[in-house]
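One letter stands for each residue in the lines below.
There are 2 protein chains.
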Amino acid sequence: MSEPVSFREYQQHIIDRVAQRLKESVPAHWQVPSTLREAMLYSLMAGGKRMRPLLVMAACEALEGNAEAALDAACAVEMVHTYSLIHDDLPAMDNDDYRRGKLTNHKVFGEAAAILAGDALLTHAFYLVAQLNRTHGVPADRVVNITMDLSELSGPRGMVGGQAADMEGEQGLTELAQLEYIHLHKTADLIAFSLLAGGRIAGANELQLDALRVFGQKLGLAFQIQDDILDLVGDETKLGKKTQSDIKQEKVTYPYFIGLEASKREVRRLTDEAKAAVAEAGFSNPTRLLEIADFLMNRDH
Amino acid sequence: MSEPVSFREYQQHIIDRVAQRLKESVPAHWQVPSTLREAMLYSLMAGGKRMRPLLVMAACEALEGNAEAALDAACAVEMVHTYSLIHDDLPAMDNDDYRRGKLTNHKVFGEAAAILAGDALLTHAFYLVAQLNRTHGVPADRVVNITMDLSELSGPRGMVGGQAADMEGEQGLTELAQLEYIHLHKTADLIAFSLLAGGRIAGANELQLDALRVFGQKLGLAFQIQDDILDLVGDETKLGKKTQSDIKQEKVTYPYFIGLEASKREVRRLTDEAKAAVAEAGFSNPTRLLEIADFLMNRDH
Numbered sequence: 157m158s159e160p161v162s163f164r165e166y167q168q169h170i171i172d173r174v175a176q177r178l179k180e181s182v183p184a185h186w187q188v189p190s191t192l193r194e195a196m197l198y199s200l201m202a203g204g205k206r207m208r209p210l211l212v213m214a215a216c217e218a219l220e221g222n223a224e225a226a227l228d229a230a231c232a233v234e235m236v237h238t239y240s241l242i243h244d245d246l247p248a249m250d251n252d253d254y255r256r257g258k259l260t261n262h263k264v265f266g267e268a269a270a271i272l273a274g275d276a277l278l279t280h281a282f283y284l285v286a287q288l289n290r291t292h293g294v295p296a297d298r299v300v301n302i303t304m305d306l307s308e309l310s311g312p313r314g315m316v317g318g319q320a321a322d323m324e325g326e327q328g329l330t331e332l333a334q335l336e337y338i339h340l341h342k343t344a345d346l347i348a349f350s351l352l353a354g355g356r357i358a359g360a361n362e363l364q365l366d367a368l369r370v371f372g373q374k375l376g377l378a379f380q381i382q383d384d385i386l387d388l389v390g391d392e393t394k395l396g397k398k399t400q401s402d403i404k405q406e407k408v409t410y411p412y413f414i415g416l417e418a419s420k421r422e423v424r425r426l427t428d429e430a431k432a433a434v435a436e437a438g439f440s441n442p443t444r445l446l447e448i449a450d451f452l453m454n455r456d457h
Numbered sequence: 157m158s159e160p161v162s163f164r165e166y167q168q169h170i171i172d173r174v175a176q177r178l179k180e181s182v183p184a185h186w187q188v189p190s191t192l193r194e195a196m197l198y199s200l201m202a203g204g205k206r207m208r209p210l211l212v213m214a215a216c217e218a219l220e221g222n223a224e225a226a227l228d229a230a231c232a233v234e235m236v237h238t239y240s241l242i243h244d245d246l247p248a249m250d251n252d253d254y255r256r257g258k259l260t261n262h263k264v265f266g267e268a269a270a271i272l273a274g275d276a277l278l279t280h281a282f283y284l285v286a287q288l289n290r291t292h293g294v295p296a297d298r299v300v301n302i303t304m305d306l307s308e309l310s311g312p313r314g315m316v317g318g319q320a321a322d323m324e325g326e327q328g329l330t331e332l333a334q335l336e337y338i339h340l341h342k343t344a345d346l347i348a349f350s351l352l353a354g355g356r357i358a359g360a361n362e363l364q365l366d367a368l369r370v371f372g373q374k375l376g377l378a379f380q381i382q383d384d385i386l387d388l389v390g391d392e393t394k395l396g397k398k399t400q401s402d403i404k405q406e407k408v409t410y411p412y413f414i415g416l417e418a419s420k421r422e423v424r425r426l427t428d429e430a431k432a433a434v435a436e437a438g439f440s441n442p443t444r445l446l447e448i449a450d451f452l453m454n455r456d457h
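First to last, the protein sequences are chains B and G. Positions 157 to 457 (the numbering used here) are the ones given, in order, by the first sequence. Positions 157 to 457 (the numbering used here) are the ones given, in order, by the second sequence.
Honestly, the hints are just simulated from the structure, not real lab data. Remember, predicted model here, so these are calculated numbers, not experimental data. Just to be clear, a hint being listed does not mean it is correct.
[Claimed, not checked] No more than 30 angstroms apart at the CA atoms, straight line, and that leaves these computed lysine-lysine pairs for BS3-like:
1) B:263 x G:397
2) G:397 x G:263
3) B:263 x G:407
4) B:407 x G:263
5) G:258 x G:179
6) B:263 x B:420
7) G:263 x G:407
8) G:407 x G:258
9) B:398 x B:420
[As the list claims (entries may be wrong)] Covered, in the sense of this in silico footprint (three residues per stretch, anywhere, with C-beta under 8 angstroms from a C-beta of chain G), are these stretches of chain B:
10) 164-170
11) 189-197
12) 241-253
13) 367-380
Yeah, the Cβ is synthetic: ideal placement off N, Cα and C, and Gly gets one too.
In isolation and in its complexed conformation, chain B is listed as follows:
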């Protein structure tokens, strides 16, 4: 197809490509127990904004890197994100029956299968990263660095650490710093990884990688504060879910700590700083990255 023009078209184009690639992501000739394969695909294909894949693609495009390779990395991130949702929804964790209007994985396949589907998705994400070298010719040292980033940013001091802190914190957070730790690791780390992966595939230099990391962390934190704000004052129809769930669940949020107006200012400040970091790092084509930042700040769902 010809290059899409508007941001909305660009976004939809990538959502479609990611969905197609995810469908084929577990090789058809692999002998995988049918329930396991089905459970993995059920949650992978459940839709969503595909924000992390979008960021991988845009970061790679900022340096005019190999989009086919970035697409596989985008699928890897989406697998890690999806596994985390499947495990978070389990009865022992958040005990959710629905996600994005569909039954959660364990409600359809049972708890044991859901645990294993999550484990399989996490493991397979590393397979997709590792084969970037063989399939797309991404140099081995870059693939090693992407593997290191993924394991660090989604592991015990990354996403899983954030999730563990969130579980511990349900007894009650008393400081904004604790909430920031949770947001930074549970959400922002995987977003930062998405940007680094796209950048590394495209051969970003250290300065550019630093800018992408900062962009990801600030954007990830802004994203989560925006979530808190929308839960408080958003439109239920647009959000597709009930608002004020945080208050009902007695969850502390940014608005709880610093108020609604200061939270909105914080989203704007973080977004501006994220954009500035990228604008100054000498990317040949940063347009989509900057558009994503604005899109996320202005979203109403």
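For chain B, the structure is supplied; the task is to place chain G on it using the hints.
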């Protein structure tokens, strides 16, 4: 220390080194929630035969490779093995309260923490593999291949696939081929990985890697059949657990399908074939590998 002589000394030496390295495996300066770190280490340090680490070390030694690098890979395998045990023990899976005479992870830390500790161990295993390049100078292309092996052999068509087939099969297996699929993937695949990882670190050629893969698959299958046999006719004192649990749980086993004597012959045949594969592949120092094969065949617990 000077080079250990007897196989028993060799084994104990490696058990000690692995325990020491595992203790330091999550960097002390990483900001990890304390319960998560504690839950990870609780199961990592619970002991066991460390058979997989032993195989990584012996495979590397067969080509006189870098033992320090192999030790990190050995820790990575032990993390994957440990995560699989934590998740297998969960109430939704096998619902076990004890393992190796200690309370299982979820009995000590709760189900949510146990799920996350497993997730964190699996993720961190890939970190240990990725940093083989930076820390020990293992060439990046070898590190990529080790990552690919690990994700394939512990993922949906490897260990997790075997576990999923085992869960599905609890409704009753009717064919030996199904049981073989489970044993091969649930057990043998990670054993094969251990050998491949040690070999790759030491720069094994394709012929040698094939031999290590065959050695691992045959040894892994023999190991599992031996487990079935010991459950039937073993000494409870030596095993440290009740025998005949398979019969009580109505689990089908190799002796169930082909009888006790034929099962014993199968263990011998597989072990002989495993040893032959390694003996013919031109390793400069295969002694420990061959000793491990004999040790596993002759074990009584």
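Taking the hints in turn, this is what the structure says about them:
This hinted pair does not check out: residue 263 of chain B and residue 397 of chain G have alpha carbons roughly 35 angstroms apart, beyond 30 angstroms. Between residue 397 of chain G and residue 263 of chain G, the direct Cα distance comes to roughly 19 angstroms. Compliance with the 30 angstroms bound is thereby established for this hinted pair. Straight-line distance between C-alpha atoms of residue 263 of chain B and residue 407 of chain G comes to about 27 angstroms, which keeps the hinted pair within the 30 angstroms bound. Note on residue 407 of chain B and residue 263 of chain G: the hinted pairing holds, with a Cα-Cα distance of about 27 angstroms set against a maximum of 30 angstroms.
Between residue 258 of chain G and residue 179 of chain G, the direct Cα distance comes to roughly 18 angstroms. Compliance with the 30 angstroms bound is thereby established for this hinted pair. Taken as a hint, the residue 263 of chain B and residue 420 of chain B pair is broken in the structure, with Cα atoms around 36 angstroms apart against an allowance of 30 angstroms. A threshold of 30 angstroms between alpha carbons decides the hint, and for residue 263 of chain G with residue 407 of chain G the separation of about 25 angstroms falls inside it, so the pair holds. Distance check on the hinted pair: residue 407 of chain G and residue 258 of chain G sit about 24 angstroms apart at the alpha-carbon level, within 30 angstroms; holds.
Proposed proximity of residue 398 of chain B and residue 420 of chain B is supported: the alpha carbons are some 20 angstroms apart, at most 30 angstroms. Only residues whose beta carbon comes within less than 8 angstroms of a beta carbon in chain G count, and the stretch 164-170 of chain B has 0; fewer than three means the coverage is violated. Residues of the stretch 189-197 of chain B with a Cβ under 8 angstroms from some Cβ of chain G number 5, which satisfies the need for three, so the listed coverage holds. Requiring three or more residues with a Cβ within less than 8 angstroms of a Cβ of chain G, the coverage given for the stretch 241-253 of chain B holds, as 4 such residues are present.
Given as covered by chain G, the stretch 367-380 of chain B fails the check, having 0 residues with a CB less than 8 angstroms from a CB of that chain where 3 are the minimum.
When held up to the earlier numbered hints, the structure conflicts with 1, 6, 10, 13 and fits the remainder.
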